[in-house]
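Chemist: Use these hints to put chain V onto chain W, whose structure you have.
The chain contents come next:
2 protein chains.
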Amino acid sequence: MLIIGAGLCGSLLALRLGQRGYNVTVYEMRPDLRKTDISAGRSINLAFSDRGNKAMKLVGIEDKVKDLCIPMNGRMIHDKEGNTFLSNYSGRDYEYINSISRGDLNALLLDEAEKHENVTIHFNKKCKSVDFENTTALFQDYHTKNEFIEDADCIIATDGAGSALRKSYYLGKKFLFSFSQDYLTHGYKELSILPTENGGYKTYKNALHIWPRGDFMVIALPNLDGSFTVTLFLSYDEGEYNFNNLTTPEIVTEFFQKEFPDALELMPNLIEDFFENPTAPLGTVKCSPWHYKGNTLLMGDSAHAIVPFYGQGMNASFEDVVEFDKVLNQNLDNWEATFETYEKNRKKDTDAIADLAIDNFHEMKDHVGQAIFQEKRKIEMMLEKEFPEDYSSKYSLVTFNEDIGYREAMLKGRAQDKAILNMLADGIISISDDPKDILDKVKTETEAILEDDRVAKFGPS
Amino acid sequence: MLIIGAGLCGSLLALRLGQRGYNVTVYEMRPDLRKTDISAGRSINLAFSDRGNKAMKLVGIEDKVKDLCIPMNGRMIHDKEGNTFLSNYSGRDYEYINSISRGDLNALLLDEAEKHENVTIHFNKKCKSVDFENTTALFQDYHTKNEFIEDADCIIATDGAGSALRKSYYLGKKFLFSFSQDYLTHGYKELSILPTENGGYKTYKNALHIWPRGDFMVIALPNLDGSFTVTLFLSYDEGEYNFNNLTTPEIVTEFFQKEFPDALELMPNLIEDFFENPTAPLGTVKCSPWHYKGNTLLMGDSAHAIVPFYGQGMNASFEDVVEFDKVLNQNLDNWEATFETYEKNRKKDTDAIADLAIDNFHEMKDHVGQAIFQEKRKIEMMLEKEFPEDYSSKYSLVTFNEDIGYREAMLKGRAQDKAILNMLADGIISISDDPKDILDKVKTETEAILEDDRVAKFGPS
Chain W
1 MLIIGAGLCG SLLALRLGQR GYNVTVYEMR PDLRKTDISA GRSINLAFSD
51 RGNKAMKLVG IEDKVKDLCI PMNGRMIHDK EGNTFLSNYS GRDYEYINSI
101 SRGDLNALLL DEAEKHENVT IHFNKKCKSV DFENTTALFQ DYHTKNEFIE
151 DADCIIATDG AGSALRKSYY LGKKFLFSFS QDYLTHGYKE LSILPTENGG
201 YKTYKNALHI WPRGDFMVIA LPNLDGSFTV TLFLSYDEGE YNFNNLTTPE
251 IVTEFFQKEF PDALELMPNL IEDFFENPTA PLGTVKCSPW HYKGNTLLMG
301 DSAHAIVPFY GQGMNASFED VVEFDKVLNQ NLDNWEATFE TYEKNRKKDT
351 DAIADLAIDN FHEMKDHVGQ AIFQEKRKIE MMLEKEFPED YSSKYSLVTF
401 NEDIGYREAM LKGRAQDKAI LNMLADGIIS ISDDPKDILD KVKTETEAIL
451 EDDRVAKFGP S
Chain V
1 MLIIGAGLCG SLLALRLGQR GYNVTVYEMR PDLRKTDISA GRSINLAFSD
51 RGNKAMKLVG IEDKVKDLCI PMNGRMIHDK EGNTFLSNYS GRDYEYINSI
101 SRGDLNALLL DEAEKHENVT IHFNKKCKSV DFENTTALFQ DYHTKNEFIE
151 DADCIIATDG AGSALRKSYY LGKKFLFSFS QDYLTHGYKE LSILPTENGG
201 YKTYKNALHI WPRGDFMVIA LPNLDGSFTV TLFLSYDEGE YNFNNLTTPE
251 IVTEFFQKEF PDALELMPNL IEDFFENPTA PLGTVKCSPW HYKGNTLLMG
301 DSAHAIVPFY GQGMNASFED VVEFDKVLNQ NLDNWEATFE TYEKNRKKDT
351 DAIADLAIDN FHEMKDHVGQ AIFQEKRKIE MMLEKEFPED YSSKYSLVTF
401 NEDIGYREAM LKGRAQDKAI LNMLADGIIS ISDDPKDILD KVKTETEAIL
451 EDDRVAKFGP S
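Listed in order, the protein sequences are those of chains W and V.
When we follow the UniProt record's numbering, the leftmost residue of the first sequence carries the number 1, and every step to the right adds one.
When we follow the UniProt record's numbering, the leftmost residue of the second sequence carries the number 1, and every step to the right adds one.
So here's chain W without its partners, still in its complex pose (with noise of 0.2 angstroms):
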């Protein structure tokens, strides 16, 4: 079993292989993390879980990687004027989401593979193309420039959104590959907040931070450091301002002072942050089939990479080796029945991921700051917290409820929201009206809103 990319998707791949005894070799291009410094310019924490923590408890590493997070209850939200306000993620204590550094993850996973004898995994060697009617692949080594063929039963592609096997899926026209690949109008670029000097927070840990505005924003999570990893998400062309046009030292400071003043505050190294990080774009992949025959498999990023708004992008990928581990425990008769079965159980999640990660965008860059969706937020934390059984908005049902599919949680999520912001237009609910009340009128509102939708696609049932 061959193995394409040791990122998380890879390195958790070879551990669960490993550990149920296959033979697994893993080509990483990039040189080791644990040894080398690779971070720079990719988003260095990342948000962790209860989809990401299914896959670690499969694993067995749940415990260890509890020591890598730091919780993150809500967001918190920033206004221009500096005042602040946390909305939680769940109305219910014991859900939230954790901030956790790429790097350090993806070490103990590497660790953990490594501990298995079965599992070997070679750094430096990037995947130039995949031979799949051959089941072959072609690597470079980095150091020595040498191209070498490896030869393989069966070969899994967990190499990222640029992926090798993809890219030759598609220029290799032999059979009907349906690919898309959507950029975004905005950009990114990482910035940070330093620790204080005795290595505390200078502002609030256990949140995410964000600061809306409309058409853009900046967010921050918390680093084990004290650090924050700030990340601002801006329109490269469009508005008074844009990537294209904050060219200077001033005009950028200008727009943080305008924007983000309280946030400038905190970033006394915004200029050097900003002219030596790279601006990079934010896009969605998707494509069809994931696998040729039982020769070769897209897994993570490479199958279905997702703009971060959810905070779903590692969770969805690590949720793909669990998926991927269920189909195996069936014992298919042969690699062909199992690559087919985990795409089709899994192909109409990780699309639904994909576009609600898109949904949150505007949510997070706008509508956090509207007074109904707020409304509405309170409205869900109320019935969350009074009916903690009963009650899952969308955030919750994506987040933190690792046994139903995104694709489950996005339709009923959204036809929630649906019900919810209709009935406050309309004046059926009010926040100050009797929960209870509020929570049936929801329910039902909600099966009517899906039954009207099932029967405008397939007749009544």
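Please note that the accuracy of each hint is not assured.
Identical chains blur together in the list; that is why a pair holds if it fits in one copy or across any two.
To be verified - 20 angstroms max Cα-Cα, derived PhoX-like pairs, lysine-lysine:
#1 Lys347 x Lys54
#2 Lys57 x Lys457
#3 Lys378 x Lys457
#4 Lys173 x Lys286
These are computed hints drawn from the structure, not numbers from a lab.
All values reported here derive from a predicted model rather than from experimental measurement.
Modeler: Only chain V this time, still in chain W's reference frame:
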């Protein structure tokens, strides 16, 4: 001005730009279809309707095109027992679509374009790539195999779903290019019903015939010579019969005997056609941006290839030229502003017709055979007949209301469908009710659906 491709869109564009006084050079990869028969395996007739006709009016050849048209007033549905019924496209007698020969129409457009001294068309010159930074295109001569480069002020590619310019955008990686190709699980194959010995029609001439079978279907459109072009839409690999297993004359005959007995009777030439003609895929292509600066622009199928189920592929490409002409009338400062304005106006509509065409795939092969969808259709025919000024079905909005865009037609049409289907399912309306009462209920419910969607997306207005 250089145009790549002299198909339906390219020859219309050349004609219109010729009329406007531009110096236009067109390069087409195929031989001149007025001198050679090159129809083999391609769809030889197409649905022509009001949006296409709007373009013919613009260039002043409406009457000439009319001579090529065979009106089709509705769908003639054939069930498995050979029973037929006609389902009109509209409750208004003067609204119908037409069957037209692709070759005849293309020849007319080429003739008209070449009447202009400032228009030159070269055949047998295939575009291999476009250097969009330098506004040059690389061509190869079909006969001599010689390659040559053409320099232009501005290049418009109307070179279809496999566009060389679009491929250059994708492979060039000079800017963020959003792109998707999506294949249906089904392919298609063209067959034919030949004329009677006297050159007459073997079945009813003035309809689009459909044999809907849930998971697959056959359709037939009339030609001027008494024949029908027949198309089988069928899965590649799913179901009892599919393109992968229809490999012998016996099994093909068995399939038609079982599923399409009345069609089989009209097609003694079935086996010959089936094994001579290729099986082709059904794909949707979307992309953005369509233009690079003021240098190059994609138009027609090269920008937005769609599946054929709404009969709008050619009409959408013709409407592109009308919309482009409108932007030219604004006399903007430069080509970049012109291209940008054109894409901004147009893309939402071509995205919508792409989605509508996929909806109609399911409607044609499946819904037209189901009771509730037939009941909806009856109600809509009644409303259009009784209130010709006040009601248009989704089909009519898309096909016969050329003054509203595809996107508006889609949003309103889908809401109407949802309103009628749900009111039928809930017993709120029935075909025997007072027509004015039905109209009022449908209008009120449609508005409520649209408003609920608006509130869910943007909050209350």
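Chemist: Hint by hint, note whether the structure agrees.
Modeler: Here is how each hint holds up against the structure:
1. Lys347 x Lys54: within (19 angstroms within a copy, 42 angstroms between copies)
2. Lys57 x Lys457: neither (39 angstroms within a copy, 37 angstroms between copies)
3. Lys378 x Lys457: between (33 angstroms within a copy, 18 angstroms between copies)
4. Lys173 x Lys286: both (17 angstroms within a copy, 18 angstroms between copies)
Of the numbered hints listed earlier, the single one contradicted by the structure is hint 2.
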